[in-house]
Structures are given as C-alpha cells and as structure tokens.
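Engineer: Take a look at the letters that make up each chain.
There are 2 protein chains.
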Amino acid sequence: MQHRILIRDLPAKLGETVIVAGWLHRLRDLSKFGFAILRDRTGLVQVVLSTEQLESLKGFQVETVLKVTGEVVKKQSKDPNANEVEIQAMSVEILSPVKDVVPVEINKEEVDVQLDTLLDNRVVTLRHPKQRAIFRVQAALVHGFRSFMESQGFTEIFFPVLAGAASEGGAEFFRVDYYGREATLTQSAQLYKQITMGVYEGVYGVSYSFRAEKFATSRHLTEFNQLEFEVGFVDDMEDVMAYGESATRAMLAEVAMSCVPELELLGVTLPPLGDRFPRVKLKEALEIYKAGTGIDETQEPDLSPAAEKWLSTQWAPKEHGTGFVFVTHYPESKRPFYVALDPEDPTSTLSFDLIGFGSEIVSGGMRINRYDEQIARIKAKGLKPEEFEDYLMMHKYGIPPEGGWGMGLQRLTQNVLGLANIKEATIFPRDVQRLRP
Amino acid sequence: MQHRILIRDLPAKLGETVIVAGWLHRLRDLSKFGFAILRDRTGLVQVVLSTEQLESLKGFQVETVLKVTGEVVKKQSKDPNANEVEIQAMSVEILSPVKDVVPVEINKEEVDVQLDTLLDNRVVTLRHPKQRAIFRVQAALVHGFRSFMESQGFTEIFFPVLAGAASEGGAEFFRVDYYGREATLTQSAQLYKQITMGVYEGVYGVSYSFRAEKFATSRHLTEFNQLEFEVGFVDDMEDVMAYGESATRAMLAEVAMSCVPELELLGVTLPPLGDRFPRVKLKEALEIYKAGTGIDETQEPDLSPAAEKWLSTQWAPKEHGTGFVFVTHYPESKRPFYVALDPEDPTSTLSFDLIGFGSEIVSGGMRINRYDEQIARIKAKGLKPEEFEDYLMMHKYGIPPEGGWGMGLQRLTQNVLGLANIKEATIFPRDVQRLRP
Numbered sequence: 212m213q214h215r216i217l218i219r220d221l222p223a224k225l226g227e228t229v230i231v232a233g234w235l236h237r238l239r240d241l242s243k244f245g246f247a248i249l250r251d252r253t254g255l256v257q258v259v260l261s262t263e264q265l266e267s268l269k270g271f272q273v274e275t276v277l278k279v280t281g282e283v284v285k286k287q288s289k290d291p292n293a294n295e296v297e298i299q300a301m302s303v304e305i306l307s308p309v310k311d312v313v314p315v316e317i318n319k320e321e322v323d324v325q326l327d328t329l330l331d332n333r334v335v336t337l338r339h340p341k342q343r344a345i346f347r348v349q350a351a352l353v354h355g356f357r358s359f360m361e362s363q364g365f366t367e368i369f370f371p372v373l374a375g376a377a378s379e380g381g382a383e384f385f386r387v388d389y390y391g392r393e394a395t396l397t398q399s400a401q402l403y404k405q406i407t408m409g410v411y412e413g414v415y416g417v418s419y420s421f422r423a424e425k426f427a428t429s430r431h432l433t434e435f436n437q438l439e440f441e442v443g444f445v446d447d448m449e450d451v452m453a454y455g456e457s458a459t460r461a462m463l464a465e466v467a468m469s470c471v472p473e474l475e476l477l478g479v480t481l482p483p484l485g486d487r488f489p490r491v492k493l494k495e496a497l498e499i500y501k502a503g504t505g506i507d508e509t510q511e512p513d514l515s516p517a518a519e520k521w522l523s524t525q526w527a528p529k530e531h532g533t534g535f536v537f538v539t540h541y542p543e544s545k546r547p548f549y550v551a552l553d554p555e556d557p558t559s560t561l562s563f564d565l566i567g568f569g570s571e572i573v574s575g576g577m578r579i580n581r582y583d584e585q586i587a588r589i590k591a592k593g594l595k596p597e598e599f600e601d602y603l604m605m606h607k608y609g610i611p612p613e614g615g616w617g618m619g620l621q622r623l624t625q626n627v628l629g630l631a632n633i634k635e636a637t638i639f640p641r642d643v644q645r646l647r648p
Numbered sequence: 212m213q214h215r216i217l218i219r220d221l222p223a224k225l226g227e228t229v230i231v232a233g234w235l236h237r238l239r240d241l242s243k244f245g246f247a248i249l250r251d252r253t254g255l256v257q258v259v260l261s262t263e264q265l266e267s268l269k270g271f272q273v274e275t276v277l278k279v280t281g282e283v284v285k286k287q288s289k290d291p292n293a294n295e296v297e298i299q300a301m302s303v304e305i306l307s308p309v310k311d312v313v314p315v316e317i318n319k320e321e322v323d324v325q326l327d328t329l330l331d332n333r334v335v336t337l338r339h340p341k342q343r344a345i346f347r348v349q350a351a352l353v354h355g356f357r358s359f360m361e362s363q364g365f366t367e368i369f370f371p372v373l374a375g376a377a378s379e380g381g382a383e384f385f386r387v388d389y390y391g392r393e394a395t396l397t398q399s400a401q402l403y404k405q406i407t408m409g410v411y412e413g414v415y416g417v418s419y420s421f422r423a424e425k426f427a428t429s430r431h432l433t434e435f436n437q438l439e440f441e442v443g444f445v446d447d448m449e450d451v452m453a454y455g456e457s458a459t460r461a462m463l464a465e466v467a468m469s470c471v472p473e474l475e476l477l478g479v480t481l482p483p484l485g486d487r488f489p490r491v492k493l494k495e496a497l498e499i500y501k502a503g504t505g506i507d508e509t510q511e512p513d514l515s516p517a518a519e520k521w522l523s524t525q526w527a528p529k530e531h532g533t534g535f536v537f538v539t540h541y542p543e544s545k546r547p548f549y550v551a552l553d554p555e556d557p558t559s560t561l562s563f564d565l566i567g568f569g570s571e572i573v574s575g576g577m578r579i580n581r582y583d584e585q586i587a588r589i590k591a592k593g594l595k596p597e598e599f600e601d602y603l604m605m606h607k608y609g610i611p612p613e614g615g616w617g618m619g620l621q622r623l624t625q626n627v628l629g630l631a632n633i634k635e636a637t638i639f640p641r642d643v644q645r646l647r648p
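Those protein sequence lines, which keep their order, are chains U and Z. Start counting the first sequence at 212; every next residue gets the next number (my numbering). Start counting the second sequence at 212; every next residue gets the next number (my numbering).
A few of these clues could be false.
The list cannot tell twin chains apart, which means a pair is met if one copy fits it or any two copies do.
Here are the simulated lysine to any residue pairs, SDA-like style, with alpha carbons at most 25 Å apart [as the list claims (entries may be wrong)]:
id : residue 1 : residue 2
1  : Lys425    : Ala376
2  : Lys595    : Pro557
3  : Lys243    : Phe271
4  : Lys501    : Ile248
5  : Lys310    : Asp583
6  : Lys269    : Ile586
7  : Lys592    : Pro308
8  : Lys269    : Glu584
9  : Lys286    : Gln299
10 : Lys425    : Arg392
11 : Lys278    : Pro308
12 : Lys341    : Phe444
13 : Lys425    : Tyr389
14 : Lys319    : Asp601
Because the hints were derived from the structure by calculation, they are not lab data. Predicted model, so just to flag it, every value in this text is computed and none were measured.
Looking at chain U on its own, in the form it has when it is part of the complex (with noise of 0.2 Å):
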C-alpha cells in the first residue's frame, strides 16, 4: 500500500500526515468523539475520531480492516502501555467490513480460553500479539539453523512426505490409499539425509515427520517438523556434536538479536550458553544427578523427566554456565537400527541426547555406515534386511564415516518459550481429535 506508514515507525513521524492501515483493535465511544485502537503486525497505535468518524465506524465490529489518514501528535493518556504517539484521523475507510463479534476476545492482555478454543478459533486467536510472537520466534529459530548450515557449506534438501514402507519399523504410521495400493507418511527423514550425505556431505533441512501416536499429550503430534542435519567424513562422534552446538548457538543468536519485542512480550528470557556445553556419559549424569539430588535412578536405562530439568537447569548452568548438555552413549535397546554401536561396549551406542530447557530436544548419533554391520544390526534388532531395501543399498555402494542429528521444532519451539502444551508452539496442530482448520 503506497506510502502506509507501519505503528512501529510512528514516533519517527511526529507532526506529520501519515497513512496507517490495519485492524480495529478496540472501540472507545465517548459519544462526542472517542478513540480506535488500531493494530497491525508492528503494534497498537491509538486513533481519535471525530463525532463523524465515529458514526461511520457504527455496526462495524472489532477486527474490520481500517485505512486511516491523519497526522501524528503527542499522546496526551498516561497509559504506560501505549505509543507515545498517536493519530488524530482526517479520513477512516473501511477496506473490508466485520458485521459479526469475534468468536475469542483477542483484545485483552492474554487470550483467556481454553486451548481447544484458542485452536478451534486460530483465524482469530492467532491475531493476538502474544500468539503472533510465538511463530516469529519459531521462525528466527530455523532461520538460525538454516544461516549456519549454510555457512559449513551443507546443502539443504527438501525431503519426500510420501513413502512406500514405514521408515522406521513399528506400528505408529498412517496408511495413504496411494491409487488402490498402501503408501505411508515419512515417520523420518533418515534414510533421505543418509542417501544425501552420500552425495552431498553435509546436507540439512526442515522434515515433516509423522505417527500415529495413540493418545494425545501435551508433548506429542501426529504431523511436526524435525531441523535435520547429517554430515559425512567425520572422525568421531564429537565432530556431530559439535556441528549440533554451534547450530544451537546459531539459532539462540538469531532469536536474541531478531525477537526483542517477542521476548519481551512473552517474558521469556534465554538460558546462558556458557563456554562449552557439557558432555557426559549417561551412566555419569545418572551419577551426577544421585549426587546432587539423592535420587537413585544409576540403574535406569534413560534419563527421567525430572533428571533432564534437574541436569540442564540446575547443574550445568551452576558447573559449567550454560543451559545444555549432551548426555551420550545411550543403551542399544533404547536407540534405532541405525545407530553405530560403541566399539568399547558394544551394549552402548554411539548416540547422544542434547538436553536443554528442562528437557530433551535434540537426538542424534553416529550411524552404521558399513554394510555387513548394518545387515547384522537390523537382524538383531528383529527386524527384515529386505524390507529395507534402498536402505541398505547406500550402504551397500559407499557411505563415509557420519552422523546426524534431529530437533524437533515444535517441541523446541515450547521449551524456548516454556509453553504448557507442544500444540500453543504448532501453528496448525494435528493430533489425534484435531485436524482443523
């Protein structure tokens, strides 16, 4: 729209005649003239009107689109809130008319209804600038991660949705009816990340993954997207992580420097990163976390819930000053086919969590990359070498050393932001009851 003048740069236009355009965010009638709060996607700017222009405004509800011409004064309310200017109007039209009453107040400090309301209702409530910010945040997150992939020279790839067998095994995948025969939804990007190391090096991207999982939590989806990196030619394990950290860094950095007013609206502050995030065994933070708590979970395969909160919110910002830390070298049982075991302890693998936030959000490792081995693994992991057919054929012809690693973006999303449910971080959430709008 020619010369609109976005709220955000107002104060810049002290005394001059402006354009603004957006929605009405509020209506104050006090009968011989009253006010418009009007928002658009930089803020809330307070409109005067005229007995006049009030009256043209009648009938018309909250979230009509308004184009209003005034001039930008000093704002006489001592509303600690609000702009420090605002408009006196000389015209108001309507660019497009709402005769009907939001469903979902969206004009107050928090939009205060249920979750299944709030998405029920997203064309509205996502109007409410707390929830806008939510998906900016996401936004600069993967921005983040693309910007530092880039600069290691990994190729980015746009991974297939569709696929003719579950990529993982297991029972929690849908079914497609692919033209009379069976398709399924990519549970994983893996066998793709792989296929392109093998070509690329380093390859990432942002994959759809999906499962059918049985019940809905406050922690899972049917359909998320997974920030995937894999990179080939690597001498150990550490080389992964350390691509991992950086790409962590990369993506807080974004988020300091482009969410400001995000941040501040959500009241969210960011964890230190510290020097260094620690690395530590898993056997060694179960230690770790008995020391420090009295909590004996040693002979536990896996970290709990409340170990992941303890260790990244408590131990590794007061040991080491940072909010992360990898815990490696889970047990074979707990991680896929694909994983390279741990040649010192074969009953371990060659795999890391990266815990922050209070929780996990990020999985990864180093995979089997010779064939025979990888033959053998998916046999001793009850599962048919033939039904992974063009799988092992990229083992078959060449992979070098790798690994890779996959964060989940809602999921991290929710823990950046601390949001109760993992569908407030998911701008169109799909579970088991919801797959609307």
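The hints should help you fit chain Z onto chain U, whose structure is shown.
Structural biologist: Chain Z alone, transformed into the frame defined by chain U:
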C-alpha cells in the same frame, strides 16, 4: 575430518602433504603403478598409487570410500578436463568398502540410462556430478526466494500437510486413514497462507502439495513443493506482481552467483532479466501471438504451450530484453473460487501467470477479501459454503486487500535447467507408479 582438504582447494596446496577423502570414482591399474580418480562433493582428483597401494585396493569396487594422504604435485597428463594437480599417495585407507559392482555407471560424462533406472537407483545415480548439480541449483533458487522475502519483512510459515477436507474441492486428493476417519493430504497451502497473512500481513514458505493425478506425464508429480507468498494491504495486483518480479530476480541472481560450476557443468545459460517484465492481458497476449506467428488462438480461454514458449523465448526477449512476461486477466472459468473478479469485467479475474523459460512457472493473483463476496463466489462455482467453514472464518473476521502466488519448485528447476522430465528435477519423485526410494 581433521585436516581434510576439499578437492577444489588442492591447487593452493601445491607441494604440501594433505589429506583428501571421497569416493573411488575410477581405477586404472597399469600393473607397475596405477591411478585412482577420487571424487568428493567439490570435484575429482587423480591419485597416483604405488604397486602396493594398488594391491591394497584389489577386490574393492568403485564407490569405495577412501582417505588418502599424499603430496600435491603438478599433473603430468594433458587431459583438458583434469585438475591441474594430482596427488602422489603416501597412504590409502579404506573408510567404507564396496564389494559389489554399482548397478549404474556414474563415472562417465552422462548417466546413460532410462529415467526409471536412474530413479530406481537414486542412491547411486545422484552421486553423478550432473545429477548432484541439479539440486544445488534447486537449493539456490529457494535461498534467493527466502532472502528476498525476509528482506521485505515477511514471516516464514510451516504449512501443515494433513487436512480434514480437500482444500480446493475436486476429486484429485489423497485419503489418509486417520484413526478410522478420513484425512486428506493438502492440495494447496492457500487456506493457511491467507489465514497467516491475516496475522503477519506478508507470509511465505515452501509448501508441500499433493495431487492424485490420474496419469504420469513429464510435467506432473503427485507430491511437489511450492514457493508461496501472500501479501496484504496491497493497492492492486501490480503490487503483487512487483513482489513476485523482485523475488524472481533475487532467485536467479542467487543461482548466477552461487552456482557457477553447476551451470557450466549442465551447459545452462540463464535468460535475460531485462529492466522490467512486461505485463499483458491474456487477450492482448493472444493478439500479439497471432500478429507474430500467424497462429490465431484469440478465441481460446488460455495460452497454449506453443504460445507460452513463443512469448517468453521470442517475443519478450526481442521486444523487452527479458525472458519473462506476466500474462494477466484470465477468464473466471479458468481460475479457482478464491481469485478476485475484475470489477471492470466480471467474466475476467485479477489473476496472472508468470511465463518464463518457455512455459508457465507461477500462478497468482488478487484474492477475494470480503465475506459476502466470497460466499457468493463459492456458490457460483457450484461449491458449498458450509464445506469451507474455516476458510470463510477469515473473511468473516477481516482480512485486508491481498494477493499472492505459488511457484512450483520442481517445475521451475526443470525449466531453469531445461530438463525433459520434471522427475529429473525432483530429488525423490512420486508419481502414479513411483513411491521409492
């Protein structure tokens, strides 16, 4: 891998001892000594091997992954295609053995097989330098697109794949068994683009679209990506085309800048951009085509493939110094229900195609942003408003004047590179027959 040097960087290391790693591309055994051609993601290099080193490679096939330590020396050979330097091997280590002969030869100038064989063996054929180059160019196109959109303050959206109902009506959608009920795979991101535009004002993203096409052709896929944008508060369709033209320029500039070796390898010259892409109404375009070629298609409701070719490769370069032309105002019968009608001629729409590289590469236009108008238009198209409840919710609660576009990523890549079949421009293509790898 510590101290590894990429093959393209070897000339600067002349006289030094280096580590290189990659795939055994070819092996020439001259009994007393031999040559290995090593391939990494940046090129090929000849490695001179001693009798013992040759012996150690006995029984290993091409694509075996090697790590070579050796001295960088001036090359003796006069092969004009070879690198200027070669490596005098000091040690050769097998990182990953290959015992089987590759199913498709990838160490010749071209991969000389049928398309189906090429795709069945994607794991191996993608390693051919010309195949590999295709998806480097594809990634660069996307980066150019994103950079431009970010520079305009647009927000990236991750559009969902699973949907409750077919988004554009019609029969060409895939059904998913979703906990006993039916879900569909999105045909288009249109709904999500418009909802989020109503929040962020300008949005973009790489969407996945799924079409249950009845036939496999050289131009159709069942799964493909689109470079999408949608922008609000525009004055008219010219604003939308201006964003699109700038995006196209940014994309081709990115390819020209970052894909010099790939374009050379593929023998591709990018078309001229000129100062401004011409805008012509469909009716004018058909008149121009008639005047220039004698072929009268002025009664047709669309451009024929021959007309698209002539306009973008003959007329536009000659008359406007560019390989691109916006053709506008397609008849309402040829456009979906959400496209705005032309107020000056309601049998026509405020729509455009961008024609380039000999064919249509983008569809776009202004959308209907008023509730009553959209309901009327859905009915006029023989569709039922009650089936578009979520879609209509955004009109009901106010969206600004707006428009957008969708550019098929694989079709664009096919056109930029002059590939015969769209599946060559798709890293893991899906069609009526194909679901793997």
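Engineer: Each hint needs a verdict: does it hold in this structure or not?
Structural biologist: Each hint tested on the structure:
In this homomeric assembly, Lys425 and Ala376 come within 25 Å of each other (Cα to Cα) both inside a single copy, at 20 Å, and across copies, at 22 Å. In this assembly of identical chains, the alpha carbons of Lys595 and Pro557 lie at most 25 Å apart only when taken from the same copy (21 Å versus 61 Å across copies). Taking the shortest Cα distances, Lys243 and Phe271 sit within 25 Å of each other inside one copy (18 Å), while across copies they are farther apart (91 Å). Taking the shortest Cα distances, Lys501 and Ile248 never come within 25 Å of each other, neither inside one copy (55 Å) nor across copies (55 Å).
Proximity of Lys310 to Asp583 under the C-alpha cut-off of 25 Å is restricted to the inter-copy arrangement: shortest distance 11 Å between copies versus 68 Å within a copy. When the C-alpha separation of Lys269 and Ile586 is checked against a cutoff of 25 Å, the pair qualifies only between copies, where the shortest distance is 24 Å, while the shortest distance within a copy is 73 Å. Taking the shortest alpha-carbon separations for Lys592 and Pro308, only the inter-copy value of 24 Å comes in at or below 25 Å, while the best intra-copy value is 61 Å. When the C-alpha separation of Lys269 and Glu584 is checked against a cutoff of 25 Å, the pair qualifies only between copies, where the shortest distance is 21 Å, while the shortest distance within a copy is 75 Å.
When the C-alpha separation of Lys286 and Gln299 is checked against a cutoff of 25 Å, the pair qualifies only within one copy, where the shortest distance is 10 Å, while the shortest distance between copies is 77 Å. Taking identical chains as interchangeable, the C-alpha atoms of Lys425 and Arg392 lie at most 25 Å apart whether they share a chain (24 Å) or sit on different chains (14 Å). Only within a single protomer do Lys278 and Pro308 lie at most 25 Å apart by alpha-carbon distance; the minimum there is 12 Å, versus 68 Å between protomers. When the C-alpha separation of Lys341 and Phe444 is checked against a cutoff of 25 Å, the pair qualifies only between copies, where the shortest distance is 22 Å, while the shortest distance within a copy is 43 Å.
Taking the shortest alpha-carbon separations for Lys425 and Tyr389, both the intra-copy value of 23 Å and the inter-copy value of 11 Å come in at or below 25 Å. When the C-alpha separation of Lys319 and Asp601 is checked against a cutoff of 25 Å, the pair qualifies only between copies, where the shortest distance is 23 Å, while the shortest distance within a copy is 54 Å.
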